[in-house]
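So you can see what is in the structure, the chains are spelled out below.
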Amino acid sequence: MKVVVDMNKCQDHGQCVFASPDVFSLDADGRLLYVPDPDDALRDEVEEAADVCPLQAIRIED
Amino acid sequence: MTASESTGRVLVVGASMAGLRAAEQLRAAGWTGAITLVGDEPHMPYNRPPLSKEVLAGKAPFASLAFRPRPAVADAAWLLGRRAVTARLPERTVVLDDGTSLSYDGLVVATGMRPRRLTCPGPLPGRHTVRTLDDAQGLREALTRPGARVVVVGAGFIGCEVAATAVALGVREVTVVDPLPLPMTGPLGPLLGRALLRRHEARGVRFALGTGVAGFTGDDRVTGVELSDGRVLAADVVVESVGSVANTEWLDGNGLDLTDGVRTDALLRAGGRPEAVAVGDVARFPNARYDGVPRRVEHWSIPGDTAKQAARTLVAHLHGTGEEPAPFAPLPTFWSDQHDFRLQSFGAPSYGADDVRVLDGTTDGDGDLVVGYHRDGLLVGVVALGGPGAASAAARHRPALLARPAVTA
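Chains as they are written, first to last, in this note's numbering: chain Y, 286 to 347; chain A, 131 to 539.
I should point out that these hints are in silico values taken from the structure, not numbers from a laboratory.
Keep in mind that the hints are not guaranteed to be accurate.
What the hints assert, rightly or not - In silico SDA-like cross-links for lysine to any residue, where the CA-CA straight-line distance does not exceed 25 angstroms:
1) K189(A) with D312(Y)
2) K189(A) with V337(Y)
3) K294(Y) with R178(A)
4) K294(Y) with V297(A)
5) K183(A) with D291(Y)
6) K294(Y) with R198(A)
7) K183(A) with A335(Y)
8) K183(A) with D329(Y)
9) K294(Y) with D506(A)
Said to hold, decoys possible - Quick list of simulated restraints, FRET-style, between CB atoms:
10) G452(A) with P306(Y): 29 to 37 angstroms
11) D347(Y) with A332(A): 47 to 55 angstroms
12) G497(A) with V289(Y): 33 to 41 angstroms
13) D325(Y) with R247(A): 45 to 53 angstroms
14) R361(A) with K294(Y): 39 to 47 angstroms
15) R275(A) with D314(Y): 38 to 46 angstroms
16) M286(Y) with G138(A): 27 to 35 angstroms
17) A207(A) with S310(Y): 35 to 43 angstroms
18) R328(Y) with G450(A): 26 to 34 angstroms
Said to hold, decoys possible - Far from chain A, some chain Y residues (derived; all Cβ distances over 10 angstroms):
19) K287
20) L318
21) Y319
22) V320
23) P321
24) D322
25) P323
26) D324
27) A326
28) D329
29) E330
The beta carbon of each residue, even a glycine, is placed where N, CA and C say it ideally should be.
Working from the sequences, and respecting the hints, build out all of it.
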């Protein structure tokens, strides 16, 4: 599974961090960090993270 | 056929975010049968928060608003530009405005809300609402006419967002009218209301608070707004943001409780019917995180949360596998971008409005401010107001909100 976040869209709402803390996090300045190639076992929570992104900036590519 | 395969049809009435999420969650819950969605707008489901902001500002083409449906719903049938007019739940049929009668095995009610309109006297042309993409594009045209004077009726979230966007578009007169003494005070209380009033005024928005609208002046088009206190505000463009009405008329006559939306049980079933569920802001459901009293929640996160629960309920019934015992207890969240600041909320602030305290920051100046809402000594809602860091400031309190034990419904 490949995860792509459009960082031009991302406004650091942090909703994805709560949906999928294994893949998404905020750094000390509140900016988004993420794992671009997470294990497929995390697919459910990554899909959840993509759903809850207010900017719809998260894309899952297989 | 194996136990995991499904036959028959689930009909989703309403093709906005809640309808789409319901379809996706039906697949996630194991439904492999047909899914049909009916929507009264011509558009595929799109994200509404940008309507009062980026779309109004001319910064968001439709492609950037449209949701990307999960591949699992690629085979769903979409009947767009059509509206449900009647339902006969005992016979499991829904009739559309073009006369089509659709039968179903499972029904998802996702018809949402429409803006409430003012009924006071005066002409209609020049008066706008913001609910759909077409509404927002029409309002943008009106706001960008040179010399436009704008009156926004209603100082809630939509009203304040529209006012902020209008100022950014260079509209020279933007006035927000509301019978309450402070903006957004209904859901957020006076502490944040005062801070928001000050920040809006500092950025050029005017307010006429503590007064209602008595009527509109003008013959063919609006030329002004008559206030209850006797003043008249000149206006070419009026935006009515005075609440919303549930789209439930098509369900009349089925014995459902349709007082303010569709009342559901804790599993989101309508009227005790196991084959009919409601999702999104039209659903009036109990939230076991708070008190089990059925309420509608017009927050962005609710379509997704209700879709997940409702899909599990419906698929369990259709597959005959029984219901989940866990009570539905979503943590609502919303945000609102206005001017250069953001409001970010977790939980149910209005539920704890009697006990409001500053958690971080101060109410003076333009810095980050985090406010906590408590009930019976427990934190039930957190709202942050500030710059881009507001979201993570509010999020720091999220574990405390989630720690609150859910009550049994």
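For each hint, the structure was consulted:
1. K189(A) with D312(Y): 28 angstroms, violated
2. K189(A) with V337(Y): The given pair, whose Cα atoms are some 22 angstroms apart, holds under the 25 angstroms limit.
3. K294(Y) with R178(A): Within the cut-off at roughly 16 angstroms; holds.
4. K294(Y) with V297(A): Holds, at roughly 23 angstroms.
5. K183(A) with D291(Y): This hinted pair holds, its Cα atoms lying about 20 angstroms apart.
6. K294(Y) with R198(A): Given pair K294(Y), R198(A) holds - Cα atoms ~15 angstroms apart, limit 25 angstroms.
7. K183(A) with A335(Y): 22 angstroms, holds
8. K183(A) with D329(Y): Between K183(A) and D329(Y) the Cα gap is close to 31 angstroms, so the pair fails against 25 angstroms, i.e. violated.
9. K294(Y) with D506(A): Violated - the C-alpha atoms of D506(A) and K294(Y) are around 40 angstroms apart, more than 25 angstroms.
10. G452(A) with P306(Y): 29 to 37 angstroms: 31 angstroms, holds
11. D347(Y) with A332(A): 47 to 55 angstroms: 49 angstroms, holds
12. G497(A) with V289(Y): 33 to 41 angstroms: 34 angstroms, holds
13. D325(Y) with R247(A): 45 to 53 angstroms: 50 angstroms, holds
14. R361(A) with K294(Y): 39 to 47 angstroms: 43 angstroms, holds
15. R275(A) with D314(Y): 38 to 46 angstroms: Between R275(A) and D314(Y), where Cβ atoms are some 41 angstroms apart, the hint holds.
16. M286(Y) with G138(A): 27 to 35 angstroms: 32 angstroms, holds
17. A207(A) with S310(Y): 35 to 43 angstroms: 40 angstroms, holds
18. R328(Y) with G450(A): 26 to 34 angstroms: Cβ of R328(Y) to Cβ of G450(A): about 27 angstroms, so the range 26 to 34 angstroms holds.
19. K287: Given that every Cβ of chain A is farther than 10 angstroms from that of K287(Y), nearest at about 14 angstroms, it holds.
20. L318: Answer for L318(Y): holds, closest chain A Cβ roughly 12 angstroms.
21. Y319: It holds; Y319(Y) is separated from chain A by about 15 angstroms at its closest Cβ, greater than 10 angstroms.
22. V320: 19 angstroms, holds
23. P321: 18 angstroms, holds
24. D322: D322(Y) clear of chain A: closest Cβ-Cβ about 19 angstroms, beyond 10 angstroms.
25. P323: Holds, because the least Cβ-Cβ distance between P323(Y) and chain A comes to about 17 angstroms, which exceeds 10 angstroms.
26. D324: 19 angstroms, holds
27. A326: Non-interface label stands for A326(Y): nearest chain A Cβ at 16 angstroms, farther than 10 angstroms.
28. D329: 8 angstroms, violated
29. E330: About 12 angstroms separates E330(Y) from the closest Cβ of chain A, which puts it past 10 angstroms; holds.
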